[in-house]
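Got chain R; can you put chain X on it based on the hints?
If you read the protein sequences in the order shown, they are chains R and X.
Terminal number for the first sequence in numbering that gives the first Met the number 0: 247, no gaps in between.
Terminal number for the second sequence in numbering that gives the first Met the number 0: 405, no gaps in between.
Since the hints were derived computationally from the structure, they do not count as laboratory data.
Since the structure is predicted, the reported quantities are computational estimates derived from the model, not experimental observations.
There may be inaccurate statements among the hints.
[Stated by the list, open to error] Take a look, some chain R residues computed to stay more than 10 Å from chain X by CB distance:
#1 Ala-3
#2 Phe-12
#3 Gly-13
#4 Asp-14
#5 Ala-18
#6 Ala-31
#7 Thr-40
#8 Asp-60
#9 Gly-66
#10 Asn-107
#11 Leu-122
#12 Leu-127
#13 Glu-135
#14 Ala-239
[Stated by the list, open to error] Subject to a maximum C-alpha distance of 25 Å in a straight line, what follows is the list of computed PhoX-like cross-link-like pairs (lysine-lysine):
#15 R/Lys-81 to X/Lys-222
#16 X/Lys-245 to R/Lys-2
#17 X/Lys-335 to R/Lys-143
#18 X/Lys-335 to R/Lys-2
#19 X/Lys-335 to R/Lys-49
#20 X/Lys-335 to R/Lys-97
#21 X/Lys-222 to R/Lys-49
#22 X/Lys-245 to R/Lys-80
#23 X/Lys-63 to R/Lys-149
#24 R/Lys-89 to X/Lys-335
#25 R/Lys-95 to X/Lys-63
#26 X/Lys-63 to R/Lys-89
[Said to hold, decoys possible] Label pairs and their computed distance ranges (CB to CB):
#27 R/Ala-3 to X/Glu-198: 47 to 53 Å
#28 X/Glu-45 to R/Lys-2: 32 to 38 Å
#29 X/Glu-258 to R/Glu-135: 27 to 33 Å
#30 X/Asp-149 to R/Glu-135: 40 to 46 Å
In this text, a Cβ means the ideal position worked out from N, Cα and C, and glycines have one as well.
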Amino acid sequence: MSKAAVSRLKSHFGDKVLASSDFRGDDAIEVAVKDWVDVATFLRDDDKLKMNHFVDLTAVDYPEREGARFDLVLMVRSVEKKHRVRVTTKVADGTKPKTLFPVWSGANWAEREIYDMFGIEFLNHPDLRRILLYDEFIGFPLRKDYPIDKAQPLVPYRDAPGLTKLPPFGIDQGQPFGRIRWDDRLREGANGSGRAVSPSIALQTGERRALSDSEVAVAQIEELAMRVEEEQRVKQEQEAKKDAPAEG
Amino acid sequence: MELVDEILEEEEGALELPADPMRLNMGPSHPAMHGTIRMVLDLDGETILNVDVQPGYLHRGFEKSCERGTYAQVFPYADRLNYVSPMLNNVGFALAVEKLCDIEVPERCQYYRVILGELARICDHFTCNGASAMELGAFTPFLWMLTVRDWIWDILERETGARMTHSFGRIGGMAFPPTDGFKDDVRWILPRVIKVVGEAETMLAGNRIFLDRMQGVGGLDQKRALELGVTGIILRSTGVPYDVRKDHPYMVYDRFDFEVPVGEDGDNWDRFACRMEEVRQSMRIIEQALEQMPDSGPVSVDDARITLPEKRDVYSTIEGTISHFKLIMEGFKPPKGEVYSFTEAGNGELGFYIVSDGSGTPYRIRVRPPCWYNLQATREMLIGDMIADIIPTFGSINMIGGECDR
Chain R
0 MSKAAVSRLK SHFGDKVLAS SDFRGDDAIE VAVKDWVDVA TFLRDDDKLK MNHFVDLTAV
60 DYPEREGARF DLVLMVRSVE KKHRVRVTTK VADGTKPKTL FPVWSGANWA EREIYDMFGI
120 EFLNHPDLRR ILLYDEFIGF PLRKDYPIDK AQPLVPYRDA PGLTKLPPFG IDQGQPFGRI
180 RWDDRLREGA NGSGRAVSPS IALQTGERRA LSDSEVAVAQ IEELAMRVEE EQRVKQEQEA
240 KKDAPAEG
Chain X
0 MELVDEILEE EEGALELPAD PMRLNMGPSH PAMHGTIRMV LDLDGETILN VDVQPGYLHR
60 GFEKSCERGT YAQVFPYADR LNYVSPMLNN VGFALAVEKL CDIEVPERCQ YYRVILGELA
120 RICDHFTCNG ASAMELGAFT PFLWMLTVRD WIWDILERET GARMTHSFGR IGGMAFPPTD
180 GFKDDVRWIL PRVIKVVGEA ETMLAGNRIF LDRMQGVGGL DQKRALELGV TGIILRSTGV
240 PYDVRKDHPY MVYDRFDFEV PVGEDGDNWD RFACRMEEVR QSMRIIEQAL EQMPDSGPVS
300 VDDARITLPE KRDVYSTIEG TISHFKLIME GFKPPKGEVY SFTEAGNGEL GFYIVSDGSG
360 TPYRIRVRPP CWYNLQATRE MLIGDMIADI IPTFGSINMI GGECDR
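Next up, chain R with everything else stripped away, as it sits in the complex (with noise of 0.2 Å):
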């Protein structure tokens, strides 16, 4: 951190410069929202701060403030003067900051990452999608009101166009198990010749999926129980049989 570039910045800004402090040794100033990218780009660009190398944006809320809620603050240091300056501005809820890709591009994932956890939107970000989270995630998590054990809705499959086929497969759908179709190949009169290439092959491709073990159960069940019934009917009528003629 460094005294220097904060003076440079309060005698080149001058009222523009809100605030300033050096808590810890943390050199910090505070500007208003619409000088934000004025003030990054001067970072960037003037001889004596050639702040060069960005280090991180990240945002705080505070709920309970009057008037702008988030504070945005951006770190950035100098490679060959070796100082760093801490910059932060207030953004009001829904109030759209400019972003500062154009200034260091790696603002980009820094900014995506604020929209992501705090929902503030970045005007002219080249590609503002939500991050770290999915985009059917419903709030901002790190808003003070967002509670810690809220739990989120279940997503339905995306609708995507195009995607016809959705698992599970069935036995003729989906991808192919092996690149070479012998079956196709060896099919008769596939190959002009007009016969088979062996008897065997009808009995290889006739049931490709074996019967999983449930289905073999039920099978074994359903014939079980066949059976028995089969047997109840025929001892039934025996014994109708042998009833019929002591009545008589």
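For chain X alone, kept in the frame of chain R given last:
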């Protein structure tokens, strides 16, 4: 060639290839993707036209979770940021809170932190280089290098009780003083690690396949690297000698004599070589720290508002019980204010931006994960390369999901 040309002339459009770029989805669950990360690639043949890197599959809400406990309860979370070198994160967070409170830990603790941190750094570099080699088909160097990690983990286990997630840092010190055999243990592995560094380099640096896949692949321009916020090995491999230990010395790093290795081209090979050289420099630091470290003395600041009392006092004195209760239930209360503290972690500048409102719970903790900005630069490194180059490039970035996605 002639034959193909003839065919092309004879049958117009017979060998017409599809000209549209193909979209390929890589990850999130891919064996060569360290952790879970998704890349959507636009390919022209095998050449990468565009990449959309999509992190976030390991997002656990670190920063949100920190806002509900005490400062001391952040240490286990900090362990799980970069789980390959958890000690560096522990120390980094401890230093941040200490900066906020303006306290300095005893000298013995500073040396102890340096030695443990450098051991963790060696571990981190070896794991990354070994995994990179393994993904390129060289399995032996991987096991060779992980042997070192095991030696280091044995030492860390003796010191902290855990092999991986130590939770050993405390605000104002460390959990326990060094064990009696600590210095001897570290001195035992020093020559062996140096030997393994040499052997690993011999195995890989003369390997044509390895060189071909590393040299000139995944290059990054110096100016772009700075703009993108890249730090650590990746920045140094482009030729910028930025090391937090050297440029903004913290703890006792200004007392040691060590070099900062830099590369030239910023390609995979430079990153590999820088890591290897940095292991050697870490060994130098450890050697000097072992010499200078006092054998006795406290490892925690003597302040009942910060340091937990000894267990013996907790169970036998009323002052100890009250102090313990207050520190556990309310947490210690740093002054109001905000600080940004940064250290050199395994992958680069690990920063903690802490906003305190004067209570025992952090108002906001922002981690500046080095991986996050290094991963952002991956797009620039990959565009123009072939699809097979993703594996060595992504391996040499050493993206750690726990740190990147938090």
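Do the hints match the structure? See the list:
no. : hint                               : verdict
1   : Ala-3                              : holds, 16 Å
2   : Phe-12                             : holds, 22 Å
3   : Gly-13                             : holds, 25 Å
4   : Asp-14                             : holds, 23 Å
5   : Ala-18                             : holds, 13 Å
6   : Ala-31                             : holds, 19 Å
7   : Thr-40                             : holds, 13 Å
8   : Asp-60                             : violated, 8 Å
9   : Gly-66                             : holds, 18 Å
10  : Asn-107                            : violated, 7 Å
11  : Leu-122                            : holds, 20 Å
12  : Leu-127                            : holds, 14 Å
13  : Glu-135                            : holds, 13 Å
14  : Ala-239                            : holds, 67 Å
15  : R/Lys-81 to X/Lys-222              : holds, 16 Å
16  : X/Lys-245 to R/Lys-2               : holds, 20 Å
17  : X/Lys-335 to R/Lys-143             : holds, 18 Å
18  : X/Lys-335 to R/Lys-2               : holds, 22 Å
19  : X/Lys-335 to R/Lys-49              : violated, 31 Å
20  : X/Lys-335 to R/Lys-97              : violated, 30 Å
21  : X/Lys-222 to R/Lys-49              : holds, 13 Å
22  : X/Lys-245 to R/Lys-80              : holds, 14 Å
23  : X/Lys-63 to R/Lys-149              : holds, 12 Å
24  : R/Lys-89 to X/Lys-335              : holds, 19 Å
25  : R/Lys-95 to X/Lys-63               : holds, 24 Å
26  : X/Lys-63 to R/Lys-89               : holds, 21 Å
27  : R/Ala-3 to X/Glu-198: 47 to 53 Å   : holds, 49 Å
28  : X/Glu-45 to R/Lys-2: 32 to 38 Å    : violated, 53 Å
29  : X/Glu-258 to R/Glu-135: 27 to 33 Å : violated, 50 Å
30  : X/Asp-149 to R/Glu-135: 40 to 46 Å : holds, 43 Å
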